[in-house]
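Protein chains: 8
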Amino acid sequence: MNGNDSLSDILNGVRSGKISVREAVAKLRSMPYEDLGYAKIDHHRSLRTGFPEVVLCQGKSSDQVAEIVKRLAARNPVVLATKADEGAYEAVRRVVPNAVYHNEARMIVVRSPESAPQDKTEDANYILVVSAGTADIPVAEEAAVTAEAMGSRVERVYDIGVAGLHRLMDQKDKLDNANVIIVVAGMEGALASVVGGLVSKPVIAVPTSIGYGASFDGLAALLSMLNTCAEGVVAVNIDNGFGAGYFAHLINK
Amino acid sequence: MNGNDSLSDILNGVRSGKISVREAVAKLRSMPYEDLGYAKIDHHRSLRTGFPEVVLCQGKSSDQVAEIVKRLAARNPVVLATKADEGAYEAVRRVVPNAVYHNEARMIVVRSPESAPQDKTEDANYILVVSAGTADIPVAEEAAVTAEAMGSRVERVYDIGVAGLHRLMDQKDKLDNANVIIVVAGMEGALASVVGGLVSKPVIAVPTSIGYGASFDGLAALLSMLNTCAEGVVAVNIDNGFGAGYFAHLINK
Amino acid sequence: MNGNDSLSDILNGVRSGKISVREAVAKLRSMPYEDLGYAKIDHHRSLRTGFPEVVLCQGKSSDQVAEIVKRLAARNPVVLATKADEGAYEAVRRVVPNAVYHNEARMIVVRSPESAPQDKTEDANYILVVSAGTADIPVAEEAAVTAEAMGSRVERVYDIGVAGLHRLMDQKDKLDNANVIIVVAGMEGALASVVGGLVSKPVIAVPTSIGYGASFDGLAALLSMLNTCAEGVVAVNIDNGFGAGYFAHLINK
Amino acid sequence: MNGNDSLSDILNGVRSGKISVREAVAKLRSMPYEDLGYAKIDHHRSLRTGFPEVVLCQGKSSDQVAEIVKRLAARNPVVLATKADEGAYEAVRRVVPNAVYHNEARMIVVRSPESAPQDKTEDANYILVVSAGTADIPVAEEAAVTAEAMGSRVERVYDIGVAGLHRLMDQKDKLDNANVIIVVAGMEGALASVVGGLVSKPVIAVPTSIGYGASFDGLAALLSMLNTCAEGVVAVNIDNGFGAGYFAHLINK
Amino acid sequence: MNGNDSLSDILNGVRSGKISVREAVAKLRSMPYEDLGYAKIDHHRSLRTGFPEVVLCQGKSSDQVAEIVKRLAARNPVVLATKADEGAYEAVRRVVPNAVYHNEARMIVVRSPESAPQDKTEDANYILVVSAGTADIPVAEEAAVTAEAMGSRVERVYDIGVAGLHRLMDQKDKLDNANVIIVVAGMEGALASVVGGLVSKPVIAVPTSIGYGASFDGLAALLSMLNTCAEGVVAVNIDNGFGAGYFAHLINK
Amino acid sequence: MNGNDSLSDILNGVRSGKISVREAVAKLRSMPYEDLGYAKIDHHRSLRTGFPEVVLCQGKSSDQVAEIVKRLAARNPVVLATKADEGAYEAVRRVVPNAVYHNEARMIVVRSPESAPQDKTEDANYILVVSAGTADIPVAEEAAVTAEAMGSRVERVYDIGVAGLHRLMDQKDKLDNANVIIVVAGMEGALASVVGGLVSKPVIAVPTSIGYGASFDGLAALLSMLNTCAEGVVAVNIDNGFGAGYFAHLINK
Amino acid sequence: MNGNDSLSDILNGVRSGKISVREAVAKLRSMPYEDLGYAKIDHHRSLRTGFPEVVLCQGKSSDQVAEIVKRLAARNPVVLATKADEGAYEAVRRVVPNAVYHNEARMIVVRSPESAPQDKTEDANYILVVSAGTADIPVAEEAAVTAEAMGSRVERVYDIGVAGLHRLMDQKDKLDNANVIIVVAGMEGALASVVGGLVSKPVIAVPTSIGYGASFDGLAALLSMLNTCAEGVVAVNIDNGFGAGYFAHLINK
Amino acid sequence: MNGNDSLSDILNGVRSGKISVREAVAKLRSMPYEDLGYAKIDHHRSLRTGFPEVVLCQGKSSDQVAEIVKRLAARNPVVLATKADEGAYEAVRRVVPNAVYHNEARMIVVRSPESAPQDKTEDANYILVVSAGTADIPVAEEAAVTAEAMGSRVERVYDIGVAGLHRLMDQKDKLDNANVIIVVAGMEGALASVVGGLVSKPVIAVPTSIGYGASFDGLAALLSMLNTCAEGVVAVNIDNGFGAGYFAHLINK
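Taken in order, these protein sequences are the chains called A, B, C, D, E, F, G and H. Counting from 1, position 217 in the first sequence corresponds to residue 217 in this note's numbering; the numbering is continuous, with no gaps. Residues are numbered in this note's numbering as their position in the second sequence, beginning at 1, plus a constant of 253. Residues are numbered in this note's numbering as their position in the third sequence, beginning at 1, plus a constant of 506. Residues are numbered in this note's numbering as their position in the fourth sequence, beginning at 1, plus a constant of 759. Residues are numbered in this note's numbering as their position in the fifth sequence, beginning at 1, plus a constant of 1012. Residues are numbered in this note's numbering as their position in the sixth sequence, beginning at 1, plus a constant of 1265. Residues are numbered in this note's numbering as their position in the seventh sequence, beginning at 1, plus a constant of 1518. Residues are numbered in this note's numbering as their position in the eighth sequence, beginning at 1, plus a constant of 1771.
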């Protein structure tokens, strides 16, 4: 099944006799995925959701990551792997030489030659990624690299926490002109509410595990963002820059 | 300041002598809000974010709600109040006779005559609101009524929990054609992940407090949605149908 | 689609021309559920899982419960509704006169005349429901009534907490001869571990919200049961007698 | 012992023979408190900490509250009782007719005639009490009434949440001129951080239990305030307006 | 006492004079366990529960593990040790040369020559072990190895998370034909509910600690599984593959 | 079995032929408890632990409480029921007229005429029950009434919280002369540590649910007491005055 | 002040002129502690509580531990240090050569030559330390070594968890004859309830951090022990063997 | 903009023609911060809050810390960096040679030559920093070093936990004469309440993560301090010595 066959196509084939009943049952069953035993690579996903499966490296061996990335890269123009350490990258590069490692974002990106990203013109819609502090940048980069890999133009403004609001105000134009805004913040995560109150654009809040003591590894920021008094703000998991970047691109595209 | 004055307009006025320095300082200061003492009604918000302040009734007296709604209704084409009990509605109706109460959603909506919602054509982009169970409907309705009041076309599909996936599959067309999907679910909240894996559209997950025991008043569903293995899913606070409807409209408009 | 049609039946019908392609698509789509708007009654479930959908009354209006039970009762030999208060039962009885209310278990059971439960012979396999205290009995009864309604023989032994182990030991024969054991306990929930260590049969532990202070509404018992040092013990949600009774019947049948 | 006797005074009295050893032992022991059996009224506290014991009504019967307030009022110029419902106030008024009930703050205040509060001049140092929302006002009033009863000038600014920052900015002068600022906020509690970043004055943050879902009865606001990225911000217990008002007065006096 | 003596046997021996009262008391007391000081090896357990004590290596020194395994292996046809690192295995192998280490499952299995597992015929009842992701495989393997060591036939299907439901649907036959199903999933653990809704067989859900942020080391998956809206699903502790495998075998045998 | 028969007695009876094997098995089995169906009254407990079963009224119907108390009172000199509301007491008094209700402690005490408590002489060892506040007294009384019913002399000192240490110091003699000390405190529970640091006697700490906000219904006091820096301090459950009184009597007797 | 001076002694000295007022003030002030800057060694504690200050090594440098132990050893017959790693012991041994390290208990014990412990006769009252598993032994040893160092006779019974109750029953005599029982258990901690139900002696429960997943580092065992349905059971902090041993000795002495 | 320009100054400049409209817009925008890309250094903060931005090193690379400190040191008389390890200090020293590392406090302090701290006279107002234990000293030092760097006189009293109250009482004069008191305590954190009850000065409580088991990394101490029964006590985050020192200086200055 090449993924484009519709249910009616198959049934018409049966009616016309081109496809036997047995074949039809098999076709309906055999969705396009590859089975590696330890992983079932969901090649169908790009047909279904518009983007191939993304590899979360955490909990997988470097060899498993490399093999999965290789298989995905063989069929997709862009492949992403997140929470990747350097060991995983080394393993990937051995089998997919054009893989690129984004150090701060801890991501591996593979692009087929024909999918080279075009330079976005200055007037393309953009996603603005905002971080409250310097320590939140790795998560912010995960969001930015993800959205860029998917094809969005991304602008970045880092370290504009609410303890110095003028730094934020100074970026008011960038906020106003963005199509979607991602706010990345640890500690008390107040930046999401402040940005949410200033703009009319959708805001995706990403709590980070930055902080100590009663931040409880990001719980404080997460609860803060979920309880925001600003409208137009949603949240993703703690440190889930990828999820925010992916969602932002869905809106922005 | 009428909200359209830019900073440059005021400064040009100062330069040309049309506006005195004293006036300019006042203009820059006097943002348009009304002060009731117990509330500062943010009339500026609709200029800033595209929609007027929404009244969360919880924790306010019925009289406070009524007064705030009245003031907002005097200046805005549409006013929303959420988590409103019947007492609050009675108080509002006394001062704003055309207020409408959405019983299941527990919302008050006020529309000025000229803002009567036009019937959406069949081919308008729509937001799909999906609930996992019958008991989740009040939160789903809060989302739906909010988005409709803001001007979006909304479709509803209720009671399609994951324990009977075929009910969900049967709605595959509605899912595929939606512009944004809101998934409302209590208990284990798995529906968000399942829907997220089926579609290429942004999914906004709303955990509800439906459940008992280790649901801990919606915590189980919330954590489930934050940890979704599906891409393109974000979350709002437990029972926050309003937040999801508002955000969905921002994307859909 | 009557639920018995297999995929091959439909495809064979297409091939032989008895079923048009259009009809086949419809058949494949139209799974057997009834749509009440606020509920999609999953009549297909009894075909799929061997037992019809069970109605959780919590969060539904009495009228909704009554309507759903009526629809289910029209097609199924046995219908169960859990966490039902007397109001829900009154509403059900008006439309399904032969509905029976189990007061302690807070359950409604409807049986068609032809499905009258046969008296189980003394040597039928039985499920043993054990409660640690008197206050745990409502949850224990929910488990027992569920399993009986599904067709299992059930024996009950109540109030044999670990602070008086001889009461438990005295029931050793009943424990040894059971096919499955359900242990219902609040407070520290230790009974599950003690029973689990004594028998070779599967033990299903049900924590209850009985207790005060640091029982945190059943959390202490739940954690205790999940961390049991005994083998052959699994757990369900706090106060979920229904879930334990259902699962026990799956094993016992 | 009148509370002013120093240790040396007593010992000198012993040396000079004015006080017998037995008397000295008794004096050293008998600190000034009154024993009602169910309460030991700490009359010594005003000597020790500058203000008499404050009565937390929660968990005490109305009669107990009334008796304790009566005893304190007999010896102190000002007496406060917090978390007082109307029943407690009725009981107090029967025995202390000049007791005043602050309805919104749920406080009882008793002043002796000679301690009538003087009108504060416009240039007295003041404590600014700021609330994020209308629903936070009861806690804010508890703080304000407490500080006023202790002798501080208090200014109030209510409903200036971060979703409409201009309302806050409009109060910049009041913020800058305050001697201490109390920020009362529920939901995500971000106002504390925003105010803390704007001013050079000490900020006391009071989380409130206003909110729903993942606010967990004020936990979200509390964690947010404890993890603030602003400097010069401390926190008190959820809904503890009294504690903030008391502390603010210690700084302001 | 050889474990087969019943209470009546002993008492009959006393009556007939074959056993002295003193001996009888001793017999009744001396249950068959071996005391190593730091461990009391419960040889009686296989008589009581049908399977010997299983060694949880966590928190024990390698030497302690080795000694306990050696003693158990001397009396039992099969011995299992869980959560075993390689150091523990090395220590065991020195004293029990035929011990086998299952690397992914982190288990040690010892079989006596006569207990060599027979190849299961194709039509034997089987337990199906399903994992949501690749990273969940170690816990899934712990379940599978346990059940196999106890004598069950086990089938494995790994990496069929709900974000790509077709991978699950493709395994529908395997699901339908299984006698018991173990679902192993981290993150939001939704797979348990989805599988539970599809089948009529008992489902044992195993939450894993795979995930990050608000997964809180498996808490999200655990709560999700406990609150499942599917019937016929029970849960075990986070990462407790052993417990699930053991319980599944009790049902399957 | 009258509870005094030892295992040897029974076996000797078997040997001598006075007791048949069948009778012996029955005797060994039939431990002295009464089975009411919903409760198995453990008459054996007073033989085993020195005091009869104590009835926790919470979660039991008034009729159940009354019946259980009646049965216990028929065989024991003293019977206690805890967490009893007035309804339970009324039900008990109808069947056990000499039952006494301790209103503040919410306990029912039944004494047989012959067990009338003797007045303790002044020099009997005593248990000192200390409460931090007035609102903690009900829990303190539960502890005191329990220990008195069991036969201990009890002294009470209430409302000596750490915010007025001199009230505590003034009771130094009572502290020093006590045999055991029970400290009952809510809020931050610091009194347990302070008392623990002053004395050489065992201290039993009882956290109460008195407090608000971040006291989380007694969690703050409980954690405080468990983490005490003082030596010689143990804790019981939140609001468990009974448990502390019972334990104190075990030490004091 | 030698610690034996009573308040009256000092005052009599003042009266008689033997002690000047200045000296008396100093005497009353100068309680016997040594100030090392980073530590104030409380030599007074042994006078006050019957045993010298015990050193918790966690969070102190090895040098700090060594210095504090040296100072305490100079004035006390027995000194204890807990949670001590080998580095701390090496540092101590350099300055206190007769210090002994209890490896499993992670404790340092110093005895002066004259305080050599006498062999306890067989009929001395003893404390029984019971552990549920092998992995709980380090905490159990901390309890045992503490009580022995303080002068109590201690008996140990390890690895008698509730999954093999006969191992516990076999120790019934030891349980019945003990004066106090310490139960050390991780995982679900059920052993405390089981032992508590069998005996009439005070039981001190020590939860341990042994377990995984939902044991949450000992929380499950702690909650279990606090919610015990057995009477006569109290708890200490997770892993606090020292606290249990200390308290047990207070009762046993 | 030099930070001293008021809004009126700029507007007057515009009116008089000294400043062009374009320049004015720029001036109003360009708040004084330096943008390093990964950090926006808030030079404006010292104008706004009276003290420059403080660098939290956690989560920043050593190079980032060094660069930020260098930039701040170029414009401010005093610069602080907290939670700094030695690596960060080495990096800073390479670019700011006069940086000083406070080892115990884990802080870097940079002073310009002209800001050398003057020796405080004996009669200057002082902040008293009190620690409960030796292990709390690093957090206490963070508070003390911060306040000293800001210009306050600080006195220290360490290791005066509530288990030896006389050590605290002995410091009564120091407590009474302080202007503000910082109480640093882990474990149960009771010292804050005890100190708060003794004095009339504001008390800032700092919970530390010192403790084990149910201290839950400082949660027990934090909750204890938030629920204090003493008046005049506020709290900061766990281990946040810096926050306490900063706040204390705001009061003390």
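Among the clues, some could well be false.
To be verified - Under the rule of at most 27 Å between Cα atoms (straight-line distance), these lysine-lysine pairs were calculated in the DSSO-like manner:
#1 Lys1854(H) x Lys83(A)
#2 Lys1518(F) x Lys1601(G)
#3 Lys1095(E) x Lys1601(G)
#4 Lys1518(F) x Lys1690(G)
#5 Lys506(B) x Lys174(A)
#6 Lys1771(G) x Lys1385(F)
#7 Lys1012(D) x Lys931(D)
Unchecked claim - Facing chain C, from chain F, some residues (calculated, C-beta under 8 Å):
#8 Gly1324
#9 Asp1328
#10 Glu1332
#11 Arg1421
Stated by the list, open to error - Pairwise CB distance ranges (calculated):
#12 Glu1604(G) x Asp844(D): 54 to 64 Å
#13 Asn1643(G) x Glu1167(E): 54 to 64 Å
#14 Glu1875(H) x Asn1442(F): 13 to 23 Å
#15 Glu1622(G) x Ser1886(H): 50 to 60 Å
#16 Lys427(B) x Arg581(C): 45 to 55 Å
#17 Glu1604(G) x Asp1075(E): 48 to 58 Å
By construction, these hints were calculated from the structure, which means they are not laboratory data. The C-beta atom is built at its ideal place from N, Cα and C for all residues, glycine as well.
Quick rundown of the hints versus the structure:
no., hint, in the structure
1, Lys1854(H) x Lys83(A), "holds, 26 Å"
2, Lys1518(F) x Lys1601(G), "violated, 34 Å"
3, Lys1095(E) x Lys1601(G), "holds, 26 Å"
4, Lys1518(F) x Lys1690(G), "holds, 22 Å"
5, Lys506(B) x Lys174(A), "holds, 21 Å"
6, Lys1771(G) x Lys1385(F), "holds, 24 Å"
7, Lys1012(D) x Lys931(D), "holds, 23 Å"
8, Gly1324, "holds, 3 Å"
9, Asp1328, "violated, 11 Å"
10, Glu1332, "violated, 10 Å"
11, Arg1421, "violated, 22 Å"
12, Glu1604(G) x Asp844(D): 54 to 64 Å, "holds, 60 Å"
13, Asn1643(G) x Glu1167(E): 54 to 64 Å, "holds, 60 Å"
14, Glu1875(H) x Asn1442(F): 13 to 23 Å, "violated, 44 Å"
15, Glu1622(G) x Ser1886(H): 50 to 60 Å, "holds, 55 Å"
16, Lys427(B) x Arg581(C): 45 to 55 Å, "violated, 26 Å"
17, Glu1604(G) x Asp1075(E): 48 to 58 Å, "violated, 19 Å"
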